[in-house]
Every structure is written in structure tokens, then in C-alpha cells.
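Please construct the entire structure, taking both the sequences and the accompanying hints into account.
One line per chain: the protein sequences are A and B, in this order. Start counting the first sequence at 127; every next residue gets the next number (the working numbering). Start counting the second sequence at 127; every next residue gets the next number (the working numbering).
Don't read these hints as lab results, they were simulated from the structure. One thing to keep in mind: the hints can contain errors.
Straight-line distance between alpha carbons at most 25 Å, and here's what the computed DMTMM-like set of lysine to aspartate or glutamate pairs gives [stated by the list, open to error]:
1) Lys300/B to Asp343/A
2) Lys225/A to Glu199/A
3) Lys225/B to Asp169/B
4) Lys281/B to Asp314/A
Chain A regions said to be covered by chain B (calculated; three or more residues, Cβ under 8 Å) [stated by the list, open to error]:
5) 240 to 249
6) 318 to 325
7) 341 to 349
Please read all numbers here as calculations on a predicted model, not as lab measurements. Glycine included, C-beta positions come from ideal geometry on N, C-alpha and C.
Number of protein chains: 2
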Amino acid sequence: MRIAVLGTGPVGQTIAAKLAELGNDVTVGTRSVEDAMTRSEPDDFGNPPFPEWAQQHPQITVATLTDAASGAELVVNATNGAGSISALEAAGQGNLAGKVLIDIANPLEFSQGMPPSLFVANTDSLGEQIQRRFTDTRVVKTLNTMNAYLMVSPKQLGGGDHTVFLSGNDSDAKVEVTQLLESFGWSDIVDLGDITTCRGTEMYLPLWLRTMSSIEDPMVNLRVVR
Amino acid sequence: MRIAVLGTGPVGQTIAAKLAELGNDVTVGTRSVEDAMTRSEPDDFGNPPFPEWAQQHPQITVATLTDAASGAELVVNATNGAGSISALEAAGQGNLAGKVLIDIANPLEFSQGMPPSLFVANTDSLGEQIQRRFTDTRVVKTLNTMNAYLMVSPKQLGGGDHTVFLSGNDSDAKVEVTQLLESFGWSDIVDLGDITTCRGTEMYLPLWLRTMSSIEDPMVNLRVVR
Numbered sequence: 127m128r129i130a131v132l133g134t135g136p137v138g139q140t141i142a143a144k145l146a147e148l149g150n151d152v153t154v155g156t157r158s159v160e161d162a163m164t165r166s167e168p169d170d171f172g173n174p175p176f177p178e179w180a181q182q183h184p185q186i187t188v189a190t191l192t193d194a195a196s197g198a199e200l201v202v203n204a205t206n207g208a209g210s211i212s213a214l215e216a217a218g219q220g221n222l223a224g225k226v227l228i229d230i231a232n233p234l235e236f237s238q239g240m241p242p243s244l245f246v247a248n249t250d251s252l253g254e255q256i257q258r259r260f261t262d263t264r265v266v267k268t269l270n271t272m273n274a275y276l277m278v279s280p281k282q283l284g285g286g287d288h289t290v291f292l293s294g295n296d297s298d299a300k301v302e303v304t305q306l307l308e309s310f311g312w313s314d315i316v317d318l319g320d321i322t323t324c325r326g327t328e329m330y331l332p333l334w335l336r337t338m339s340s341i342e343d344p345m346v347n348l349r350v351v352r
Numbered sequence: 127m128r129i130a131v132l133g134t135g136p137v138g139q140t141i142a143a144k145l146a147e148l149g150n151d152v153t154v155g156t157r158s159v160e161d162a163m164t165r166s167e168p169d170d171f172g173n174p175p176f177p178e179w180a181q182q183h184p185q186i187t188v189a190t191l192t193d194a195a196s197g198a199e200l201v202v203n204a205t206n207g208a209g210s211i212s213a214l215e216a217a218g219q220g221n222l223a224g225k226v227l228i229d230i231a232n233p234l235e236f237s238q239g240m241p242p243s244l245f246v247a248n249t250d251s252l253g254e255q256i257q258r259r260f261t262d263t264r265v266v267k268t269l270n271t272m273n274a275y276l277m278v279s280p281k282q283l284g285g286g287d288h289t290v291f292l293s294g295n296d297s298d299a300k301v302e303v304t305q306l307l308e309s310f311g312w313s314d315i316v317d318l319g320d321i322t323t324c325r326g327t328e329m330y331l332p333l334w335l336r337t338m339s340s341i342e343d344p345m346v347n348l349r350v351v352r
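Next up, the structure:
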């Protein structure tokens, strides 16, 4: 499948690499290919600069947001939450129309200091904002409740016996995303319901962050015990 | 230990019964003993009226909020979130001073319809509001992430292999509450940190509610897989 992964950060890189490894035709979309390909500093997390990653993944194309989205059958939003709507606008409403958009972004707000709060919560969510702005796109929120390594390789932790959630209005889109999650190794996939249910997974963020601090380990996820 | 459980609803009843069963001297506190003891209708959840429960638990005293709190060594807030601050004010700041207060309430807001949203979230929490209002009380937030049956009997589900969180500023109070949780059967107890960390457990509520709807079973809890 032709897949566009929007975002060049650690989440975008990890998802793009996994999708390519699984045999998909992957393009990473970025605001400026030139800027991305001339970065020479490690990112905020100490990861190598993007061009180094791109060189190690020659089968993955790097393109503008517009070109990546227009050529894709499925689009992944791995941009940071605060910039997601504008990145998707740059990708182009028409280029996203009718397509499944996997939204992984969280609405992190750093202006109040650490740990971050959320810039939208409780009676709305980033997933809903995106679905309202791009009405012809089939938004499925998922994978926003664990780190990038676990997203694409859940079996690394507890034999994979933990949970991923999904939210979205379109049943067929959720079936497609479920198959993709299964190809990553997920077996416990809980469909929470329509896109409003992603308020739950986005609002899980403070509990996730505090749990990581408490156990001093980023390799953590929830299992829904029932 | 002499324990006051404030609140006559299903959570208060279940916690009070368990604490009494474990040999504690338990008083249930309510705004009006007369009102509570003359109720003749089932509650909103279809549970029998309070006097029936009180009759089945003759070893548990029913008293005013003030009397319950003043006689107690430890106090449990099992009132509904919207009324918690005023119920604790009725219990009396002096009667709560120096004591451990286990806060189980969630800040549920029903004015926007179902499912409920939260009346405080993101940059503040009900647990923090209570701690700020009652500065001399040692507030420990816990047990607010599962139903009442699981709170007091975690081994009913998955052999007890799931998680309870706690948040609070006072380390000694958290040690005391941990022992109490262990006496209920909890083995995986995650101390998230100070009282601000209960934003996380309170904001978990939407995910909890949507997960229950999705799996159509209220007997559900999280396990922190690490």
C-alpha cells in the first residue's frame, strides 16, 4: 500500500520504518524537504539528525506534505499535536479526502511547564478537531497511548499482552486500521467507538506520564483486564 | 481502627462493609441521619434503600458527617464529587485536621449529558481542590479508577493481577493507605507521586467509561504492564 507518514520526528521515523519493513511503499511528508534534509543537529530527544535516518532507509521517499498526501492511499498523522491541523492543511484537504487518516498525535501543551497539560480536553479532543476540519477524511485515532517503539513492536513488552485503543466514525476505516495494527503485532485491540471516544485516550496522557515517572521506565503500557 | 466513611451511596456502603469485615470500627457519615434512615426508594442504580443496608450491617454506626469525622482516626471521602467539598466542610475542618483522608470521589459533571465530563481537569483536580481547602488534612487519592466491588475485592478479577494508583503529599499517609489497600487484596499499587498526580487518575475516567461501554462489562480494570 502507498502510505504517507506526515512528520519527521521519532514517531514518524519509527512508524515509517516499520511500514516499509512490512512491504509498503512509504513516503515521509515534511513542510520543507530542504530543511529536513539539511538538519545536522540531533533532535530534542538526542536522536541523530533526520538526514542520517533517511540515508539508512533508502527505500523511503521524503517529500512535501502535499506530495506525500496526494500520492498516498492511507495517511498517518505523526506530526506534533500543536501543529497537526496546520500540517494537515498544508497536506491539502483534497489530498486527504476519502482517505483513512491514522491520527497518532496528542494535544500536548508545554506552556504551563512540565509535565505537559493538554490544549484540548474533556468536552473535545484533537481527534475530533481534525475530523471536524477534514469532514471527507476518515479519521481513526490510535497508537497515541504508548511510545513509538511499542507502537510498532508491542511484543517487546510482556509478550504483547497489552492493549491498544481505536476511535473513529467509519467502521470500514477501523477494520483497515485494525489489520494494520495486527501486522505490527497487536492482538488486544479495543474499539472504543466513534471519534469522540478519543477524548479518553488523549486524556490518559497525564496518567501515562506520571506512571512512567513513577516506575522510571518508558517501556510501559496498559492492559485492559476483563 | 476507627474509620469514618462519608457517603451513603454504593461506594460508601461497599467500602464501609469491607472495612467493618476487616475488624475496623466503622461509622458512615451522612448530612442527615433522619433522611438517610427513612429512605424507602431504591437508589439511581437500583440498589435497595439505605435503611435496608444499614439493617444488614448492625455493627456499622450511622451518624452525621460531623460526628463521624470527629470520632474517626481515618476518614474516607465516598461522597459524590460535585458535593465533596461541601460535605467535607460539613464534616468540619477541625475534625479532619491531621487525619488521613482517602479521597475516592471523581469530579463528574453531568450537565453536558452522558457520558459525563469532568468539572475540573487538566491543570487542576478534585484531589488538589480538597487538599488546598483542608491544608491540615493528609489527602491520599486512590481507588477512583474502578467500580466499588473491585475496590474492596480486586481478586475477583484476573486473580487480582491489575493496578491501583495512589497520589498524595504525605509519605506516611501513603504508607498507611498502602497497608489498607493490601488488606483489601491489592498487590500492584503504583504511587504516582504528590497530590497533583491525581489529575491522571481523574482524567482516566473517560477512557474507563468508554472501555466499559465497548466491552459491555463493568468488571474491568487496568494493569500497568512493565
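Results of checking the hints against the structure:
The straight-line distance between the Cα atoms of Lys300/B and Asp343/A is roughly 22 Å, inside the 25 Å bound, and the hint therefore holds. The straight-line distance between the Cα atoms of Lys225/A and Glu199/A is roughly 6 Å, inside the 25 Å bound, and the hint therefore holds. At most 25 Å may separate the alpha-carbon atoms for a hinted pair to count; Lys225/B and Asp169/B exceed this at roughly 31 Å. Annotation: proposed proximity of Lys281/B to Asp314/A holds, straight-line Cα distance about 22 Å (limit 25 Å).
Given as covered by chain B, the segment 240 to 249 of chain A passes the check, having 5 residues with a CB less than 8 Å from a CB of that chain where 3 are the minimum. Coverage of the segment 318 to 325 of chain A by chain B holds. Counting CB-CB distances below 8 Å, 4 residues qualify, and the rule asks for three or more. Closer than 8 Å: that is the beta-carbon criterion, and the segment 341 to 349 of chain A has 7 residues meeting it against chain B, so the requirement of 3 holds.
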